[in-house]
Each structure stands twice: as structure tokens, then as C-alpha cells.
Amino acid sequence: MQISVPQILLVEDSADDEILTLRAFNKTNIRNEVVVTRDGAEALDYLFATGSYADRDANDLPHLVLLDLKLPKIDGLEVLRRIRADERTRLLPVVILTTSREQEDLLSSYSLGANSYIRKPVDFNQFFQAIQQVGLYWLVLNETPFQ
Amino acid sequence: MSAIELLTLLTQAVYILLSIVTVIAYIRYRDVVRRDVALTFSVLAIPFYVQVAVQLYPNFSVPALTLMGAVSVFALVAQPYLLLRLVRYFWHIPRLFLLAALIVMLAACAGFYLIFTTGTDIPIVVPLFNGYLAVVGGYVVFSFVRAALFSTGVIRWRRRFAAVGASLLVMLLWLSALQRFFPALANLSGAFTLVVAVVAAFCFYLGFAPPRWLRRAWQVNEFRDFLLQSLSKHQSGETSAALTLQVLGSIALQTVNGMASAVVQPDEAGGGWVTRASSGDANLDGLAEEGAWLFADMMKQGKPRALRKGDRFDGSTPAWWDRLDAGMMMLVPVATVARTWGILVVFLKRGSIFADDDLEMLILLAQHSAILLENYGLVDELSRYSHMLERIVEQRTAELGEREAQYRQIVETAQEGIWSVGADNKTRFVNPCMAAMLGYTFDEMLEMPVSQILDTDSAADVMTDVNRPAGSVYQQEVKLRRKDGSMIWGLLSADHLLETDGQGEGFLAMVVDITDRKHDEEEIRQLNAELEERVAERTAQLSIVNRELEAFSYSVSHDLRAPLRALDGFSQALIEDHAERLDGQALNFLERIRAASQRMGQLIDDLLQLSRLSRAEMRHDAVDLSELAQQIAAELVEQEPERQIEIRLAAGLTARGDERLLRVALSNLINNAWKYTRKQPTPCVEFGATEHNGKQAYFVRDNGAGFDMTYANRLFGAFQRLHSSSEFEGTGIGLATVQRIIHRHGGEIWAEAAVDNGATFYFTL
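Keeping their order, the protein sequence lines are chains A and B. Using this note's numbering, read the first sequence as starting at 40 and increasing by one per residue. Using this note's numbering, read the second sequence as starting at -9 and increasing by one per residue.
Pulled out of the complex, with its shape left as it was, chain B reads as follows:
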């Protein structure tokens, strides 16, 4: 087999394969573009089918061979027209031009058929065919090349291959036509024609039916651009959903070489649709309302769609085609599994010959945008949380700072020394007060061992205390060593303190300088000791004096009265035994001696009683004063039953005190009242109680002689009398005794009186 034969076989295989691939593609997808593509390549493959058929069955009849040859020629003649039909899908072709091309093509076919069948040469046919070939073929090549040059996105590659294929095919047709005029060109046919045909076929294959991997490679390439652009926007710090949608719209526009794009979203408020990110030249106002039914359907189906201008829905054509002068519309949901963001709408001026590629590209973009949006949402949320956290942290930090400042101020200005010690018994911290107390600076005290600060005994005590159960604070007095070596006393309260690294335990101590207090205490102690000594001394002296006084009193009581008794007794003896020898005056004198003696005796008795009252031990019992008064009055009445006297005694008056002493006091007062009312025609003595300065005051009242208040201050002095003995007998010691007794009870006594108008003696206890 020669190289030519091999090449021929390859050419046949390639074209037949190409036709089969495109037909399969059309059967699979059934759209108009694939239909025309399949038609084009099926027709193109016809001459090769014929060649194969002739080679396999060489016994075809001549008419059959002629027919097959004619069909092959028709197929070639139809090529420019069929390519022109494909141009339709990306470039506007006037219907008239298309129709003219069809008519010319059919005319040429008819002409060639007549030539083949009749063998007659029809002169118009070849020029007509050549003209058709030049014009339509040229137009096709021009359109493909231009489309390839100006297109963008994935289809750029396909268009390039398609343009090369179409150009080569048209060129071959031209070459075959030119052979008539330049026979030299015939030498080129054969191998060259076959090679060009194979290359053209490959180009067509790659352009019109590229294998999946190749398309993927192109898509990835495009997609990389999209991502780069999105990310570059993202890096500028703007991550908003609106911007992402905007980028999606503009990239989609660029990718499919569209005229306008937008993202429509369900209107959360109104229930309708709103256009968010529109880009491109066309005005998309009103699209959201007009296409609401379509978008709603899309949302339900969730599938991308590509609509052409001619498509009809429920018998009507949407209004936007003509208004926008658009040929194609692509709709792709922007959605993830979790959420649908909206629908990407892209309008194309003429539609795309490779709409499926474009759509696929848009789907890819929309999906990634949705993912980006979702991620941005998450990023936003994260950043919101992070902002919130930052705010909280900031706030907490501020609070902590404030608190720390407060604590710091407390520690720094505390009038107590604050001292923290680590597990190694070295100083970790002291506050200014502590440092000042010991005469160091803060830095000097850092790391200073406890033993340098506390004296040995104190340190041991502190350690003992610190090692007691946690949670309790112990206080003790310790001796601290100042920088200058002098010792001071401190009151130290220590508690466990865990080291900041959690390893080991030191203690935290509060120290108050109590040196002055200790000094004062010592002084007080000494003073107390001295005082006690002095008191003991004085007590001893007093008890000596007391004993002397007792001896004196005893002596008075015994020795002072004995002579009086002698005076009285012998005077009496004189009167009794020698009365006859004495005259009246002598007897009178003797009586006076006796009276004076007895009076002296009474004075001594009263004085002794007064002195005894001062010395006698006090008892504190409940005393019924009313009962006492009753007894005293009864005694008086018994002594002088003849006296007519009104006695009023309040009942139920009680007090706490010494019953014996109170009896003496009350007896003196009532006796006085009794005595001084003697000259009163209607005497009255009263014992009762009243209130004086919030305290109960008892009183003894009479309506007797009374006294002049001018002398009231002399009332309670010993031997002080306001009446003469001849008027009212008495020694002047009674009230002094009463006062002594009342004072010994911690009470007060005072009197109110007027001459001849009675007297009232008040006393409190």
C-alpha cells in the first residue's frame, strides 16, 4: 500500500468518523446548532462514503456510479452553503443572502447534474459555481476568522479550530475550481489535498466536537482567570455579596461574549424579583418583572437553561428579545446545596454556536460564585464573631485594667505593709508602705530572704502559722529588721499563697508597724505596775489608818463616855445623898452638869454612828422602803402615843441597798419630821416618791417648822443646826449621817423648805 493510499484511507476514516460523531451528538442533544453541524459533516462525508462503497464493491453499474459521482459533487457544492448556515448561529446573515446562496447552490447542483447525465457542456454552470464558491466561501472564511479573532472565553478555541477547518475546506474547493484555469495546480492534488483535508477534518473535529478532556482544559483555563479576578477583588478587602455577584456578572459576560448580564434575586420583602448586579451595555430594567414566571420556574427546576429568540412559551414570545435586540439568553441558578442566591441571566447578541459550552462555563462560574458567597457569608459571620470577641476582649481588658489600677492603687497607698514571699522564702513583692517601714527601696527588697527581714523566732512562728490549714489567717506579733539594723515590732497576718507558676507555696503577709503601740503597751504596763504598787501601798496605809481609826473610835466609845457617866452618876449621887445640904441653885447646877453629860454622851454616840456608817460594809439587797417607814413610824407612835399626827406612807416603794443603813437614814428623816412638827397644831408626816431628772426620788415631807433655804447648804454638815437646842433637841449629826448613807448608795439628797411651812427631804438611790 502506497503512502497515498494510506493517506486516502486516513482521510476517508476521519471524515466518516466526524460525520458519525456529530450525528451522535445531535441525536443526544437535539438542538438546532447540532442539527446543522451534523448535516454539514454528514454531507461532507458523502464523497468518502461513495469512495469506500466503490472500493468495497467495484461492480457498481455505470448509472449507479454516475449517480454516486453526482451526489459526491453535490455534497461538495453544498459545503459553502452549509457552512454559511452555521455562521448564522454567531453572526447575523440577511435572509436574502442565505436564500440566494441556496438558490445558486441548487442551480449549480442542477447544472452539474445535467452535465453529468447529458454529457453536454452548459457554459453558465461553471462560472456560476465559481462565483458562488468565491462569494459564499469567502464570506464563510471571513466570518469564521473574524469570529475566532473577536471571540472570548472557551469558545474562542473552538472557533479558531472551526475557522481553520472551514478556511482549509473552502481553500480546497477553491483549489479544485482553480484547476480548470491553472492545470499546473493539478500536480498539487493527491497527497497535498489529502493532507489538507485531514488537517481540516481534525480542525473541524476539535472545533465542532472537541473531546471532553480538551474542553475541560479550556474551561479550567478560563476559570482560572475568573478566580484570579474574584480573588484580586477579594484581596482588596471587599467581600460583600454584591461585589461577588458583580464580578460573576462581568466575568460571565466576558466568558460567553455576551451583551448584558444580571443576577436576579427573590425580593425578600415583596415576594417578586429584583435585579441586583447588572453589567454590559443593555438596559435590563423591567426584566425582573417580565421574567418573574421564568425565574420562578427556574427556581423550582433548579436546572440551567439556554433560550433562543425563536423559542416560544405558551404560544407567546417574551418581549425582551426585540427590546434588547438579543438572540440568546442563558439562565443559571447561583446556588449551593444549602442556599440559592439568585439566577444569573446572560444575554447574547446572536446566540452561541457552542451554547452548551457557554452554559457549562456559566454553571461552573455560578456554582463557584455561590460557594464563594457562602464562604464569604461564613467569613463575615466569623469576622462578626471575631469583632464581637475583640470588643468583649477589649472591654474585659479595659475592665481588668481599671480593676488592676484600683488594686494597684490600694496596694500602693495602703497604710499596711504588703509582703509576698515565694516558696524559696525569698521576697517576691512589697508595697511602698512595707519598703518604707523597713527603710529599703522596692528593688532592694526583691529576692531578699525572709531570714534577713524577720528575726529568727518570728520567722519560725510565721512558718508554723503559714503551714496551718488553708483559708485561715493568723495574726501574730513579729520582730522585723530594718535596713539600718534596728528592730521594729509588726503585727503580721499571713496566709498561703500559691506561686504564680502553680509550683510551690509561699505566703502573703500584711504587716502593721506596731512599734509605737508596743512601746505604749510597755509604758502602760509599767505605769500599771507602778500604780498597782502605789495602790497597794496606799491600801496598806489606809488599812493602817482604818485600824487606827477603829482603835480611836473604840477608845472614844469607851473612854470618852466613861467620864461622862461619872459626871452624871456623881451629880446624881450628890443630888440623892446630899440634897439637904444644897440650895436650889446648887441643885440646878448639878442638873445642868447631868444634862450636859448626857448631851455629850448623845453627841459621842451619834459621832460614832456616823463614823461606823462610813466604815461599815455595804450590802445590796432589795429593800422595802415603805415597810421600813412603817416600822419607824410605828416605833415613834409607840414612844409618844399621845401625839395626834397624820402619817401618810406610800406603799410598795422599794430600792436596792443596805437595809440597815437605809433604816438609819429613813429613821433620821422621819424622826426629824416627827420632831419638827411638834409645834404644829395639825402635824402631818409623809413618805413617798416622785420623779426627778428621770430617776425615782423618795421624799419625806412634813408641815413643821421648816427652815430658811438660805442656810440649806449647811443642813448636811456635821454638828450644823438651824434650830437651837432649846427649840428642838438634836446633835446636828443626823442629816450628816443621812447624807453619808445616801452618798454611799450613789444617790443624792437635797431639801426644799420654808420657815414655818414645812420641809421636804428628797433623796435618790
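Isolated chain A (complex conformation):
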């Protein structure tokens, strides 16, 4: 078990968005390890060290979860609900990173305990700025209870 720089868990089903997000992180010099899961179920397996991630140490939690809402199998809101329901992940910073501009999604996310809600703009430059700010804030500025 090597413990390097704090991890980021990116839950994103779109490969395009994954590449663009990772590119944005790279361009902002965020060197944290980014773990990518493709759907909600996989994300939960990873966090709670179950299923295909059963051999993982459940205590090794990422520093930040970037969660898309529209996900195969288990959607983002359900993933968030389970994260907040579990004692271990209750305080995990979760930033919703979604294309949805639905007001309802925003409200649901916050009421389920999301720490932030970021809309992914179409314009890459704007998207880049958003990612940059998220990374900078949550990974550098923000103090988490896990450190």
C-alpha cells in the first residue's frame, strides 16, 4: 500500500469528458492521482472496497470525489446518498460535476450533502477554468478532516 499524493475519484461514464477533465487537471498542474470509475456501482465498489475493488483498503479514501449525475447502473445522486449514509465516507468532499442544468438536480445534490455543484460548460475554456478552480480549491486550499 503506497500512499502518494491524495487521490481524486472521478466518476464519469463519458470517455470524452474523462479525457477533457484529465487534460484540464494536467494543464492546471494538479498532479494528484485520478482514479476513474465508469459508473455508480463501480464508484461505490471502489470507495467501499467491494466487488472488483475488494482487495483495496477501504480506509484509503480519495481526497475528492468528482461525481457526474447521469451514470449507468447507479446514478450520481444515489451514489452521493450512499456516500453520505456510510460512516466512513460521511465527510468525504463530493463535488458534483455535471452537464445538467436542471434546477432540481442542483437542489437534490445539495440536500443530499454535496459540497459543490459545478456545471460543465460546452466551451472548453470555461470548462478548463472550472476544473482548475475546483482542483485548486478542494485539493490545495481546503482543509479536510482526513489529512
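Derived by calculation from the structure, the hints in this document are not laboratory data. Incorrect hints may have been included.
Said to hold, decoys possible - Label-pair restraints from in silico Cβ distances:
(1) Gln172/A to Ala612/B: 48 to 54 Å
(2) Gln165/A to Ala519/B: 52 to 58 Å
(3) Glu628/B to Ile157/A: 21 to 27 Å
(4) Glu636/B to Ile157/A: 36 to 42 Å
(5) Gln171/A to Thr672/B: 38 to 44 Å
(6) Asp611/B to Asn164/A: 23 to 29 Å
(7) Glu520/B to Gln172/A: 57 to 63 Å
(8) Gln171/A to Arg528/B: 47 to 53 Å
(9) Asn98/A to Gln621/B: 24 to 30 Å
(10) Asn98/A to Glu719/B: 31 to 37 Å
(11) Arg734/B to Gln165/A: 30 to 36 Å
(12) Glu636/B to Gln171/A: 38 to 44 Å
(13) Gln165/A to Ala612/B: 32 to 38 Å
Claimed, not checked - Taking beta-carbon pairs under 7 Å as the criterion, some of the chain B residues facing chain A (in silico):
(14) Pro117
(15) Asn120
(16) Ala124
(17) Gln209
(18) His548
(19) Arg551
(20) Leu554
(21) Arg555
(22) Ala556
(23) Asp558
(24) Gln562
(25) Gln588
(26) Gly591
All C-beta atoms, glycine included, are put in the ideal place defined by N, C-alpha and C.
Using the hints provided, position chain B relative to the given structure of chain A.
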């Protein structure tokens, strides 16, 4: 004592009694007639006094006896003359005749006296006496008999007796005179003479001094005639006072055998006297004026009077005696205790020998007439009242009839059934509408029990309602059975109704046939149920569609944009990472790809907003539009602080609506104004309000590019643009969004513009 002696005694008693009665009567009443009557009978009684005196004292001296005999003879001799004096009172006798009779009578007396005293026979005396006896006696008998035959009224009876008495007396005198010539007649004297004398005395008594009861009997007899006549007139229907007075006058005339009569009455207007009902032959004009003083005195005294021609008043003699050639006048007030009607005046040609009887009779007549008059007055009054009552009753009856007719018409023509039921629950009355409603005739429905008309439940309900407190009317829907057995629905309002005999209570009901209404109600109810079902169905469908739409929108919002971001992102990546391997045109294409992606993203965003606005729930709060406009303008100025633009915002404009939606609408409009004034050297954006068709209309005005009004109808369609994107950026969804929002608020939106001359967007809420 022999029969003759007894008869003699009776004769003496009768004549002495007669003289005493008449003298007493004269002493009581002291009038001339009674004086003469008393004188006559006193003189007639003298021989009997002498006889009694001789019988009681047989020792009279001869000269005394001779004197007494002479006086007896004188008394007999004087009889014709004295009777003649009485005739005076009912028959005109020339003074000369009376004087001659007196002289002859005195001469005869003197002759007889000489014969008695000297014993010498004077031959002239007896023939003179006989002649006197024949003429005067005959005249007296003739007068009395004639008077008895032609008189009327009460005195007729007295005159008859007087005539018989006088005739008998004169006859006796004649008999005694005839004895000289027919000695055989002497045998008749004695008993016969005595009997005749007694009969004569009785006749005189009844004639000249009748006992009260006898006079009453005669009066009643006369009075009966009067009443019969009055009543017969009354029965003819004429009850007027004038006629009664007329009858009084004519009856009075007849009763006392008068020559003229009248009733004088005080003149209500002038204060004098007027003659009302005059009858008889004489003309009584002027009497009222001439006798005014007398009548006034009468009214004051209130006592009846009988005046003779010779009576003087204040030294003068009234003028009417000679003018009317009347001998006597009787005045009797016609009065009751309550009222005086007038004075009955009756003139007699010669006056009456029995004036008191006549007067008494007149008093009786006058009194009864007064009573009759008063009664007639009461009858008149009663009849007036009765007429009045009859008129009132007639009028009321007419009114009632009219009202009854009105009510009847109302009841008969009423479009409501009217149904009255007695205490025995049987029908008392129905109007035509009610009968027609149930298909019966009026007669068929009479006495029909309630149970035959109402179905059981309805009947029970009606009874319950009717038994509630009085004065309130209850309405309920009931089922009624028609003659053909079919049932109809009726709206029934019932109230207590006291039976006409006051015994027991039924009810009075108004019934309206509501079968059709019930049918319609049922239909409406079914339709409503169907409609509700359909609405529920449609709502369910809609909510499914809505959910699908939401899912769709969600999907669009998420999935449609993700590829765009990839397009844009990778184009950017190419530009950043591989710029050195791409020529200018390739880079240009990549930029175009990026621009198109971003534009698509914007389009999707706007579309989503539009769809969200349609679905979002509306709130209705007070919204400060001026404040909203201020905020929006401030944001714009912040975004482009370098723009020189005049912004005019009216203050204090408020409306009711959804603040979030209105912000979107206002933001779109102001953004547009901001955008389209970009090429204007002195741009101006204005927000204000004006009035349109009585409603407040808000507007956003600019002096920018404007547009051609020809295309105004395309303004509010989604994706409709009047300017190219290169000229002014935009998706063409903004105004569609604004319109959607305004419509959701129940308002209107329209625009006025001209090319290069600005545009004004008006909206109401």
C-alpha cells in the same frame, strides 16, 4: 111605596144630581159653555128641588107654596130658551131670534105669574106660551138632531145623547101643553112622564157630562180610525214627516168637525214661522205671520189652548176671525219630550159645545203624531244606516268578488300545482295545473288520499315537514304518481292549513314538476362523472407525457451537450497541442467547429429554459418590476462598463406574478434592447408603463436597430430571428420565452418598431 113614588124619587134624584154635576163642572173649568150648561140644568132641577122641599117640609105657607109653584113653572118655561142658548155654541142663531125668545119667555113667565097670583085668566098667555114652546122648542130639537146627524168625531156621541135628551124634554113640555087641548093625554102623565123624564135626564148626563170612562171609550174609538189611516199611509211606503203632518191635519179636521187646519213650524232659516200642512176649505195664508206671537207663547207654555172668537188679547182681537169667518181656534203643540215639531192649529166654524173633548182629542192626536214623527225619524235614520251598510256591504262584496276573481285567476293560471289536503289526508282542492300534472281531472282528484298521489317515502317526508313549527315553508323533492301509473318528480313546498271549519289541520302545497330537471341533473351528473374520469385519464396521460418530457429534457440537457463539449474540447486540444502541424485554414476550421459547438450549447440551454418555464410552477407574489429592471441593467453595465448608454427606468412599477419568471422575461427584453442599440451612437434603453385598453401596460423601449413590422408576427416564434447572427448574436428563443412567460401570467405582449428607429415591446400582466 108605590112604583110611581119610587119613579118620582128617582126622577128627582137624577135631575138634582145632574144639576150638581154640571155646576161642579162649571166651577172646575169656568168656561162659557159649562156656565150655560150648568144654568140650564140648575134651572131644570128647580121644580124637583121644590118637590123635595115640599115633601120634606109639608108646613109651607100657601103664599110660599104658590111662589114655589110659580118658580117651578118659570123653570120649565125657561127650558126652551136655555136650550136655545146652548145651540148657540154649535149653530149660528141670529141675535134677534135669541132676543125674541127671551122676551117671549119672560112675557110668558110674567103672564103665568099674574095668573097664579091674581087667579084671573089672561087669555093671551097660554097661546103665547104654546107658540113659544112650539117654535123655540122645535128649533132646539131641530138644531140638536141636525148637529147630531152631521157631526163627526167624539162629540158625535155626546151630541146624539144631548139631542135625544133635548128632544124628550121639549116633547114633555109639548105634552103638558097639549093636555089642555087633549085631556085624554092626562092619563099618560104620571108613570110615562116620569120614565121619559128619567131617560131624558140620563141622555143629558151622558151628553153634557159624560163620565170619564165613556169619553175614553169614544176617544179610543176615534183614535183607532186615526191610527188606521196613518198606518195605511205608512204602509204605502211614504214615511216622510210632511205626510204625517198632513194626515194629522186632515184627521184633526175630521175629528173636531173643523173648517181648516194647519201645522205651523218654527222656520229654521228665518226665525219666523211657516205653515206646513194645511187642509180644509179656508185659505190659511198669512196665519204664520199674524199668529207668530201666539205660537211663540204656545211654545213657551207648551200647553194646548182653545180660543173663541170673542177672546181678546192685550185689548185687540186677532184679524183672522173675521177673515176666515171662524168661531173657534184650537192650538196643540206637536211635541215629544225630546223635540217639538210644531203647533197644530184647527179652526172651527162655530166653535164646539164640547171644546174640551175636542181639545183632548187633538192633544192625543198631536202627541201620537209626534211619537210617530220621532219614530219615523228613527226609522229614517235606521234606513239611512241600513242603506249605508248595504252600500258598504255591496262595495265590499264587489271588492271581494274582484279579489276572489283575481285570486281564482292566479290559482287557475298558475304554472305551479296548488294542492290542498284536509286533516283526513284527503284532497280538498287542486288547481288545473296540478290536475294536468298528474293527468287527472279536478273531480277525479277530489277526496283522493295523499297515499295515492305521493309515493310512501315522499308522503312520510311531507308529513314530517308539515308537522314542524308553523309559519315556515319547507321545500323538498317528492315523487308523485300520475293517473297512468308513471312517477314524476315534484318540488313540493308545504305549510299547515287550518280546515275551513277550524277543526283539524291539513296542508297546502305548491308543486312544481321537476321531472325534466331531475332528468337533466342526472344527465349532468353522469356527464360530470364521465368528464371527471376523462380528465383524470387525461391528467394521468399528461403526467406520463410530462414525466417523459422531463426525462427527455434531462437527457437533452445532459447527453446533447456532452458531445458538444467533446467537439469543443478536442478542437481546442488540437489547436493547443498540434498548432504547429496545422495551417491557418485548418486552425480556422477548428475555431469554427468550436464556435458552432458553443452556439449549439447555447441553443440547447435556451430551449431547455423555454421548456422549463412552461413546466415550472407559478407563484403569485407582489413583484417590484422597477427593482428587477434596475438589477438587470446593473448586471449589464457591469458586464460592459465601457458602453455609454442612457438607461431610463420608471420607479415604483409593481405587478403580481412569479418573480423568477418575470426576471427572465424582463432580462430578455432589456438584454435585447441592450444588444440592438450597440450600433447606435447615442443608445437609450427605457423601461416604463403606459395604459392600454384600460389596463396597465409595461414597456421596454430602445432606439436601436428596430425591425420591419411586416415580420412582427414572426417575432415571438421559437428560433425566429429578424437579424442575422453576424449582425446581432442570438438564438431566437428569447422572445419566445418572454411570450411564454407573459402568457402564463395571463397577459399579452406586442411590439412596435421601425427599421433603424428602435423598438418598443409592450406587455400586460
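So, going through the hints one by one against the coordinates:
no.	hint	verdict
1	Gln172/A to Ala612/B: 48 to 54 Å	38 Å, violated
2	Gln165/A to Ala519/B: 52 to 58 Å	57 Å, holds
3	Glu628/B to Ile157/A: 21 to 27 Å	23 Å, holds
4	Glu636/B to Ile157/A: 36 to 42 Å	38 Å, holds
5	Gln171/A to Thr672/B: 38 to 44 Å	41 Å, holds
6	Asp611/B to Asn164/A: 23 to 29 Å	39 Å, violated
7	Glu520/B to Gln172/A: 57 to 63 Å	60 Å, holds
8	Gln171/A to Arg528/B: 47 to 53 Å	50 Å, holds
9	Asn98/A to Gln621/B: 24 to 30 Å	49 Å, violated
10	Asn98/A to Glu719/B: 31 to 37 Å	53 Å, violated
11	Arg734/B to Gln165/A: 30 to 36 Å	31 Å, holds
12	Glu636/B to Gln171/A: 38 to 44 Å	39 Å, holds
13	Gln165/A to Ala612/B: 32 to 38 Å	37 Å, holds
14	Pro117	181 Å, violated
15	Asn120	177 Å, violated
16	Ala124	172 Å, violated
17	Gln209	136 Å, violated
18	His548	5 Å, holds
19	Arg551	5 Å, holds
20	Leu554	5 Å, holds
21	Arg555	5 Å, holds
22	Ala556	4 Å, holds
23	Asp558	5 Å, holds
24	Gln562	4 Å, holds
25	Gln588	5 Å, holds
26	Gly591	3 Å, holds
Checked against the numbered hints above, the structure violates hints 1, 6, 9, 10, 14, 15, 16 and 17; every other hint is satisfied.
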